[in-house]
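**Student:** Residue-level listing of the chains:
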Amino acid sequence: MVSETILSAKEKKPLLEWTPIYSMWLREIIRFFNMKSRVISSIIQPFLFLGLMAIPFSNLIPPEAQGMMSQMFGGLSFFGFLAPGIVGIGLLTTGIMGGVTVIWDKEFGFLKEVMVAPVRRISLMIGRSLGGMTIAVFQALLTIGVAALFGIWYDFQIQGIAGVGLALVFIILTFATFIGAGITLGGMFEETEGFMSIVMLLQMPMLFLSGAFVPIDRLSGVPVLYQLQFINPLTYGIDGIRAALTGAPPFLPLWVDFTVILAFALVFLILGARAFNRMQLS
Amino acid sequence: MEDVIEVNELTKVFGNFVAVDHISFMVKKGEIFGLLGPNGAGKSTTIKMLTTLLRPTSGSAKICGYDVVKERDKVRRCIGIVFQDRSVDRRLTGKQNLDFHARMYSMSKEEREKKIDEVLDLLELKGKENVPLSEVPDGVRRRFEVARGFMTYPEVVFLDEPTIGFDIKARMDLWDQIKKAKEKEGTTVVLTTHFIDEADYLCDRVMIMDQSKIVALDMPENLKAAVGTDLISIEVANHNNGSFIELVKRLEWVKNVEECGNSLLLSVEGHDGRVPELIDLADQNGFKVVSIDEHKPSLEDVFMHFTGRTMRDAEGSDRATRTRTTRRRR
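Each protein sequence line maps, in turn, to chains H and D.
If you count the first sequence from 1, position 197 lands on 806 in the numbering used here, and the numbers rise without skipping.
If you count the second sequence from 1, position 106 lands on 131 in the numbering used here, and the numbers rise without skipping.
To be clear, the hints were calculated from the coordinates, so they are not data collected in a lab.
As the structure is a prediction and not an experimental result, all values here were calculated from the model.
One or more hints might be untrue.
Below, in silico cross-link-like pairs of lysine-lysine (DSSO-like), each with a Cα-Cα straight-line distance of 30 Å or less [stated by the list, open to error]: (1) D:Lys-204 - D:Lys-120; (2) D:Lys-151 - D:Lys-95; (3) D:Lys-120 - H:Lys-645; (4) D:Lys-153 - D:Lys-53; (5) D:Lys-205 - D:Lys-194; (6) D:Lys-87 - D:Lys-204; (7) H:Lys-645 - D:Lys-134; (8) D:Lys-153 - D:Lys-205; (9) D:Lys-153 - H:Lys-645; (10) D:Lys-321 - D:Lys-204; (11) D:Lys-321 - D:Lys-194; (12) D:Lys-151 - H:Lys-645.
What the simulated footprint calls covered on chain D by chain H, stretch by stretch (three residues with Cβ under 8 Å from a Cβ of chain H suffice, anywhere in the stretch; the number is not a length) [said to hold, decoys possible]: (13) 98-106; (14) 109-115.
Even for Gly, the Cβ is constructed at its ideal location relative to N, Cα and C.
Given only the sequences and the hints, what does the whole structure look like? Please build it.
**Tutor:** Given below as structure tokens:
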């Protein structure tokens with residue numbers, strides 16, 4: 610009997626079940642490419658954010674004030690300061706929105722198909738996160754590329770391949786944090802509406818209190834806001850990405866950024882896996 | 026024949042509602058086994074427990090010798106499930122859905138391709154496999170779900186209300202496709218349905234459930250034979266049924282009388298000509314016959330025989346409890 614052979618081969622479960630992880634990953638990728646609108650919007654988005662936000666913002670600063678301001682931005686132009694922040698913001702939104710796919714799977718019934726498969730929940734969680742991560746990393750690299758292109762006119766230079774490599778480490782950890790948070794949240798909701806309202810509530814402060822737009826030490830005069838920046842995982846992610854990409858001095862030592870974002874990533878991935886485990890089928 | 030499913034005193038309680046009440050039965054290898062009953066009878070809950078989706082409150086069940094609670098993954102490896110609600114990824118094509126499923130069960134590439142080809146053939150889905158499922162009609166989507174149920178060489182395939190929402194033609198096609206797939210694969214099939222004709226046409230044995238309990242279990246022919254050779258339902262005016270029942274019961278060829286609403290259901294023995302005899306009897310005693318109808322027993326009559334009400338009545342009275350439990354389960 611065929612099922613008999615499948616059984617004996619799988620008697621002891623490996624720690625990581627590669628085929629199911631791969632198939633979950635593949636599903637995310639196929640879904641992404643099956644939706645042309647998603648592909649197109651993810652390509653256009655970096656141009657929009659950098660072209661319609663970073664460029665106008667950086668034009669706020671009159672040429673004669675450039676020198677003084679650049680000191681505030683750690684020696685960077687305003688554009689150069691904003692670009693890594695935009696990479697970070699992209700990771701926050703795509704990561705948390707990854708949680709919405711969990712809810713869609715519940716709504717459209719696909720979760721059942723996944724839940725009865727003889728596969729560990731953690732493998733499903735890893736596969737899904739890796740799929741989202743692949744797309745997010747691709748988007749982040751595209752944003753960096755576009756920023757480098759605009760940087761010709763707006764004074765933004767990347768610190769070579771090593772810089773991008775180091776930035777990638779922070780990009781991956783930052784995304785892992787937010788997809789974990791997204792899946793944890795997604796596990797708590799049955800409908801998209803409830804999830805979205807909470808996401809909006811969380812996303813706004815995280816976006817603006819992350820050092821993406823305003824250097825974090827500029828808020829030292831407003832104690833509450835200043836402190837809040839330090840419980841925001843994105844702060845550490847962006848600080849790391851920015852220092853790695855541009856070579857500007859980080860606000861916190863890089864090893865602190867790295868350790869904190871790594872800790873956040875682990876905590877939220879574990880919470881996400883637990884949320885997946887607890888998910889009930891109605 | 027060996028038993029592939031053994032169910033022993035299986036029970037599920039939601040809060041203070043008993044959805045499945047100490048049921049026990051066996052399913053033989055290679056048969057199509059039907060769970061028939063009105064909505065809310067406990068069929069789907071039973072299936073959910075057997076497919077490891079719900080944990081039983083008490084009792085036990087074994088599939089292919091594996092316990093559905095203690096050996097969940099082993100059970101999952103030897104079954105295929107077609108859920109009542111849709112369960113495909115609409116963004117993927119039919120083939121991508123099948124492929125995803127096969128990968129989750131760690132099938133090799135050659136095996137996957139061979140098997141996908143085979144199930145597409147069985148469910149007559151060739152030519153439709155490369156379209157995203159959001160763009161195909163519900164009936165086609167359903168057939169992909171059934172095809173998926175047969176993908177991984179399962180010992181047992183569970184189908185929860187396979188043809189709900191289908192038109193007659195599509196239903197009959199799917200019945201034949203299920204039969205064909207079952208023959209070809211040598212699979213045991215367990216299905217739930219609240220369609221009498223589905224159970225009658227498709228199933229080797231039928232288990233009738235009502236109000237969380239088993240009311241009868243046998244081959245459709247035997248179940249029908251238990252009701253009688255022929256059935257006559259008769260309704261008389263002046264609502265004086267009580268005394269009319271007494272009259273009818275005295276006839277020696279009437280084997281059983283059941284009251285349902287205003288009419289009586291008689292199981293009769295022997296040959297034709299019983300209908301005129303009954304009309305005469307009514308006339309002579311001052312009863313006016315409103316309607317009379319003679320037919321071979323169907324599973325509907327079987328249901329009435331064992332529960333004293335029609336399937337439709339049963340659904341009506343259970344609706345309130347059912348909505349309550351769905352809400353609780355959320």
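**Student:** Of all the hints numbered above, which does this structure not satisfy? Sort the numbers upward.
**Tutor:** Violated hints (numbers, rising): 2 and 4; every other hint is consistent with the structure.
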